[in-house]
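Q: Knowing the structure of chain H, use the given hints to seat chain A on it.
Letter by letter, the chains look like this.
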Amino acid sequence: MIKFFLMVNKQGQTRLSKYYEHVDINKRTLLETEVIKSCLSRSNEQCSFIEYKDFKLIYRQYAALFIVVGVNDTENEMAIYEFIHNFVEVLDEYFSRVSELDVSFFNTVFHSTWQMHSGPYQVLVLALEDDPTSV
Amino acid sequence: MPAVSKGDGMRGLAVFISDIRNCKSKEAEIKRINKELANIRSKFKGDKALDGYSKKKYVCKLLFIFLLGHDIDFGHMEAVNLLSSNKYTEKQIGYLFISVLVNSNSELIRLINNAIKNDLASRNPTFMCLALHCIANVGSREMGEAFAADIPRILVAGDSMDSVKQSAALCLLRLYKASPDLVPMGEWTARVVHLLNDQHMGVVTAAVSLITCLCKKNPDDFKTCVSLAVSRLSRIVSSASTDLQDYTYYFVPAPWLSVKLLRLLQCYPPPEDAAVKGRLVECLETVLNKAQEPPKSKKVQHSNAKNAILFETISLIIHYDSEPNLLVRACNQLGQFLQHRETNLRYLALESMCTLASSEFSHEAVKTHIDTVINALKTERDVSVRQRAADLLYAMCDRSNAKQIVSEMLRYLETADYAIREEIVLKVAILAEKYAVDYSWYVDTILNLIRIAGDYVSEEVWYRVLQIVTNRDDVQGYAAKTVFEALQAPACHENMVKVGGYILGEFGNLIAGDPRSSPPVQFSLLHSKFHLCSVATRALLLSTYIKFINLFPETKATIQGVLRAGSQLRNADVELQQRAVEYLTLSSVASTDVLATVLEEMPPFPERESSILAKLKRKKGPGAGSALDDGRRDPSSNDINGGMEPTPSTVSTPSPSADLLGLRAAPPPAAPPASAGAGNLLVDVFDGPAAQPSLGPTPEEAFLSELEPPAPESPMALLADPAPAADPGPEDIGPPIPEADELLNKFVCKNNGVLFENQLLQIGVKSEFRQNLGRMYLFYGNKTSVQFQNFSPTVVHPGDLQTQLAVQTKRVAAQVDGGAQVQQVLNIECLRDFLTPPLLSVRFRYGGAPQALTLKLPVTINKFFQPTEMAAQDFFQRWKQLSLPQQEAQKIFKANHPMDAEVTKAKLLGFGSALLDNVDPNPENFVGAGIIQTKALQVGCLLRLEPNAQAQMYRLTLRTSKEPVSRHLCELLAQQF
Chain H
222 MIKFFLMVNK QGQTRLSKYY EHVDINKRTL LETEVIKSCL SRSNEQCSFI
272 EYKDFKLIYR QYAALFIVVG VNDTENEMAI YEFIHNFVEV LDEYFSRVSE
322 LDVSFFNTVF HSTWQMHSGP YQVLVLALED DPTSV
Chain A
1022 MPAVSKGDGM RGLAVFISDI RNCKSKEAEI KRINKELANI RSKFKGDKAL
1072 DGYSKKKYVC KLLFIFLLGH DIDFGHMEAV NLLSSNKYTE KQIGYLFISV
1122 LVNSNSELIR LINNAIKNDL ASRNPTFMCL ALHCIANVGS REMGEAFAAD
1172 IPRILVAGDS MDSVKQSAAL CLLRLYKASP DLVPMGEWTA RVVHLLNDQH
1222 MGVVTAAVSL ITCLCKKNPD DFKTCVSLAV SRLSRIVSSA STDLQDYTYY
1272 FVPAPWLSVK LLRLLQCYPP PEDAAVKGRL VECLETVLNK AQEPPKSKKV
1322 QHSNAKNAIL FETISLIIHY DSEPNLLVRA CNQLGQFLQH RETNLRYLAL
1372 ESMCTLASSE FSHEAVKTHI DTVINALKTE RDVSVRQRAA DLLYAMCDRS
1422 NAKQIVSEML RYLETADYAI REEIVLKVAI LAEKYAVDYS WYVDTILNLI
1472 RIAGDYVSEE VWYRVLQIVT NRDDVQGYAA KTVFEALQAP ACHENMVKVG
1522 GYILGEFGNL IAGDPRSSPP VQFSLLHSKF HLCSVATRAL LLSTYIKFIN
1572 LFPETKATIQ GVLRAGSQLR NADVELQQRA VEYLTLSSVA STDVLATVLE
1622 EMPPFPERES SILAKLKRKK GPGAGSALDD GRRDPSSNDI NGGMEPTPST
1672 VSTPSPSADL LGLRAAPPPA APPASAGAGN LLVDVFDGPA AQPSLGPTPE
1722 EAFLSELEPP APESPMALLA DPAPAADPGP EDIGPPIPEA DELLNKFVCK
1772 NNGVLFENQL LQIGVKSEFR QNLGRMYLFY GNKTSVQFQN FSPTVVHPGD
1822 LQTQLAVQTK RVAAQVDGGA QVQQVLNIEC LRDFLTPPLL SVRFRYGGAP
1872 QALTLKLPVT INKFFQPTEM AAQDFFQRWK QLSLPQQEAQ KIFKANHPMD
1922 AEVTKAKLLG FGSALLDNVD PNPENFVGAG IIQTKALQVG CLLRLEPNAQ
1972 AQMYRLTLRT SKEPVSRHLC ELLAQQF
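The listed protein sequences derive, respectively, from chains H and A.
Here the first sequence stands for residues 222 to 356, where the numbers follow our numbering.
Here the second sequence stands for residues 1022 to 1998, where the numbers follow our numbering.
Here chain H stands alone, though its shape is the one from the complex:
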């Protein structure tokens, strides 16, 4: 099960966060700081899964932006890992070459994109094409 989804840049600024379990606002900041710290301290040779407290972090890095998904131990690591990429591909399509700036300045769009599609991680591309605004 996915516990949270984060987009954080190398400076540690959170660009997007979405929690699927209740976490207090002040604890979120702390968590996000620790999460990005543990991601930044890793090298390319290390695997993309970090055991963190009682859950796992699965992360991918795109330029200066980290996408980190927190999951519990029943989740399939590889599926989530590839799902992150799928999500990025969708954004890329939507913004035609997505960048961190898009994420920070079009937060609203991200919210709607992510919120609408975070559940079934298969339908991102399709659903965007279904979006009536594009017609």
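Careful, some of the hints might be misleading.
Derived DSS-like pairs (lysine-lysine); straight-line CA-CA distance at most 30 Å [claimed, not checked]:
no.	chain 1	residue 1	chain 2	residue 2
1	A	Lys1298	A	Lys1901
2	A	Lys1901	H	Lys274
3	A	Lys1787	A	Lys1804
4	A	Lys1912	A	Lys1238
5	A	Lys1320	H	Lys231
6	A	Lys1926	A	Lys1901
7	H	Lys239	A	Lys1298
8	H	Lys239	A	Lys1238
9	H	Lys239	A	Lys1237
10	H	Lys274	A	Lys1238
11	H	Lys277	A	Lys1550
12	A	Lys1056	A	Lys1066
13	A	Lys1047	H	Lys231
14	H	Lys274	A	Lys1198
15	A	Lys1399	A	Lys1388
16	A	Lys1901	A	Lys1915
17	A	Lys1298	A	Lys1237
18	A	Lys1237	H	Lys274
19	H	Lys277	A	Lys1901
20	H	Lys224	A	Lys1198
21	H	Lys277	A	Lys1311
22	A	Lys1804	H	Lys258
In silico contact screen, one side only, chain H against chain A (beta carbon under 7 Å); selected entries [stated by the list, open to error]:
no.	residue
23	Glu255
24	Gln267
25	Cys268
26	Ser269
27	Asn297
28	Met299
29	Ala300
30	Glu303
To be clear, the hints were calculated from the coordinates, so they are not data collected in a lab.
Computed from a prediction, not measured in an experiment: that's the story for all the values here.
Glycine is no exception: its CB is placed at the ideal position from the N, C-alpha and C atoms.
A: Coordinates of chain A only, in the frame set by chain H:
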């Protein structure tokens, strides 16, 4: 594509955003925002009604400002207005604003709910989806209350569009996770299962997620999903890579859906229907075959997606643990990954293999990869991968490869990361003990551990080595020799000094014949470390010295000199000072015989579960012990709860480690009262996992008894002696009165009340119990106006009870005046578990006629209960550990009293166990836990009471570590309801 900036031309918004971007300073940004806020406020307040477009634009700006981190305190009304617009973009922005900025302003919530209701009823799929997304995103309890009943209807309605069904399924999932009680189960559940057959893959994906979550609570309701999931999976797996069009990801058909289906299947046992099972096995084989085929694309996305399915398939195979062929194939596949150049794959392969190692079918296959895994431990650059490798080595270890694995782990320990050292130390200690063929190897290993990683060797580890050395006389000489050699190293760890001190104090005589380790040499070696050690170690060394005086009389003068030194006798630390003073006096006052008795070798320790194992379990948390417990990934802890019948533990090669230690097979022999009476300090320390901090700060009473030989009788028995001696023999007293049992039952769950009453006499009871001790006050009231003569109440222990329970009574006055009351105090100590209560015999003369009365004293084993609070996970873990058939007692019986939850609760609490909430998934049921404290042993008890109001029946299940106790408690408690 419609990026907001250009899509439908909200130019004002684009300008505003670029203004913000161009701000040079934080102040400028705030100024610009304040200007914009003032502008928006005036527009909203203005006389001119705004059109939908303007409203949308301003609400969008507010949203943007909010997301930049500023407070927004207006505009909510305008956003709610947008909800009723008929334009998609306006409605969407309205919903977005609500989702992001919802607050529980009750007035607004009513309006929002109204708008959502309208949209849900609109039959416009786009609007319905927006409304469903909003409910899911807010996901509050209020939303749940308002809509939880409508959504299942939309989900299964025949005329709902695919996208609506999909959203409805996810929305329901969200509400169910937030507040399960709000989602009503009903006939719709059957129809949800059939969504697995839906044409639209999006609907199927959403439905699988929903079913996977729902079926954990009610597996039976969703049972039919298994065959549907299998056939869906089979269609996907066998489809050509282009069949599923949009759901094909880099030539892999529907990878995420496949993973979800495989995970759903892990909620259930293997299908019983042979056809379904055959089809499923075929699927699993296909996945394994595909892994061997050349990739259809060179892109890493292709292989990642394929491997995601493969790993999930292997999880399912491990979950079933019934297809040897598949298990071995899975193992071989993982073996290939162990050498893959992708770190991620190596990590996952090690992780999966760890669970494979615990299956009897694949254990041998896993073992063939030992060299690769050892190599990973040495060369892997990522600590988390090395950790997995260490876990796997631990899981694959058995008698045949223990020496190799332990020596590799020891070697690794020298360079291991600090974060995992302690865990490695524990693992090495356990493996060394578990697979020790000869104990000298065991001693070598542990001493090496202390040498290499002394700081990480916890107390449990070195206590354990002492325990084993003390209990095995074949290894004592070797141990003494080895520690002596180890202590000669110029710098040795304090833990080594502790072990050395203890072992030489006990068995130093075994090596004293060699001039190189003659008594004076031993002493001076130990004493050379003395000043570098902490107080706790010094205290231990002082005990060693006094033992030396007994072992080697020739060292007496030297040691007395050390004890007499001002630095000891006037030591600032009270413990050290006391030891020095007392040992000095002991050595000068006592005769050799007395010394020899007092300072005799320690008696063997009662066998207990390895304290190290307990520690590792605690460290990893339940379930994570991988191969330690029963390894296999538990799909849902509900399983344990759903069917609580005891499963005979399957004998597989790597059976639970406790078993291998030979501890579970035979219940620990109850320590005879004799050795328990000696109050062995170390025994106590070993008992509760690290309950006592260390040897050093011992309670004063206990400190000398540490050195005492086993007393011939327990001190309590001495105390109790006079009372039974004065008692008439059991043959003198009559049988208990017929109501005695009934009277006793009244007191099982309470401590105070009237025990007995007739025309002449009333006996009242007040009692309190703590740990294994109790005090009882008996009040004898003379109800007549005539004096009772020769009044003598006595307590009798029938049968073996005397060795189980010590009751010390005080005599009472022989005359009880008419209308008067006398009090008798009983001190009770529970020595070990017992089944029958003691008898209370009361005799007196009333008006010249002798009266005799025998009752059962209301002392039952449950009085010595100590309630134990524990979390659900711990409860299930322990419950599982007590799974031998004889450890369980169960009774199904009719209710004799009205079934009232509160009364039941009070009775269970009175019974003595702790009541654990939120453990049993069924809130009607009661679950309790406690420890029965006796002097000789502790018995952990778990209980579960399931009332069935309809049938007016109860089912009571008890599990304890001792068979008679389970049965007895079950009988006692069953009579209470």
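Q: Could you run down the list of hints and mark each one as holding or not?
A: Hints, verified against the model:
1. A/Lys1298 with A/Lys1901: holds, 28 Å
2. A/Lys1901 with H/Lys274: holds, 25 Å
3. A/Lys1787 with A/Lys1804: holds, 19 Å
4. A/Lys1912 with A/Lys1238: With Cα atoms ~26 Å apart, lysine 1912 of chain A and lysine 1238 of chain A stay inside 30 Å; holds.
5. A/Lys1320 with H/Lys231: holds, 27 Å
6. A/Lys1926 with A/Lys1901: holds, 24 Å
7. H/Lys239 with A/Lys1298: violated, 40 Å
8. H/Lys239 with A/Lys1238: holds, 26 Å
9. H/Lys239 with A/Lys1237: Roughly 25 Å separates the two Cα atoms, so the pair holds.
10. H/Lys274 with A/Lys1238: OK: lysine 274 of chain H and lysine 1238 of chain A at ~26 Å, within 30 Å.
11. H/Lys277 with A/Lys1550: violated, 46 Å
12. A/Lys1056 with A/Lys1066: Measuring from Cα to Cα gives roughly 15 Å; hence the hint holds.
13. A/Lys1047 with H/Lys231: With Cα atoms ~21 Å apart, lysine 1047 of chain A and lysine 231 of chain H stay inside 30 Å; holds.
14. H/Lys274 with A/Lys1198: Since the Cα atoms of lysine 274 of chain H and lysine 1198 of chain A sit roughly 22 Å apart, the hinted pair holds (cutoff 30 Å).
15. A/Lys1399 with A/Lys1388: holds, 18 Å
16. A/Lys1901 with A/Lys1915: Holds. Lysine 1901 of chain A to lysine 1915 of chain A sits at ~27 Å (cutoff 30 Å).
17. A/Lys1298 with A/Lys1237: holds, 21 Å
18. A/Lys1237 with H/Lys274: Answer holds: lysine 1237 of chain A to lysine 274 of chain H is near 24 Å, not above 30 Å.
19. H/Lys277 with A/Lys1901: holds, 26 Å
20. H/Lys224 with A/Lys1198: holds, 12 Å
21. H/Lys277 with A/Lys1311: Since the Cα atoms of lysine 277 of chain H and lysine 1311 of chain A sit roughly 28 Å apart, the hinted pair holds (cutoff 30 Å).
22. A/Lys1804 with H/Lys258: violated, 80 Å
23. Glu255: Hint violated; glutamate 255 of chain H Cβ to chain A Cβ min 15 Å, cut 7 Å.
24. Gln267: holds, 4 Å
25. Cys268: Holds. Min distance 4 Å.
26. Ser269: holds, 5 Å
27. Asn297: holds, 5 Å
28. Met299: holds, 4 Å
29. Ala300: With a minimum Cβ separation of about 4 Å from chain A (threshold 7 Å), the hint on alanine 300 of chain H holds.
30. Glu303: holds, 4 Å
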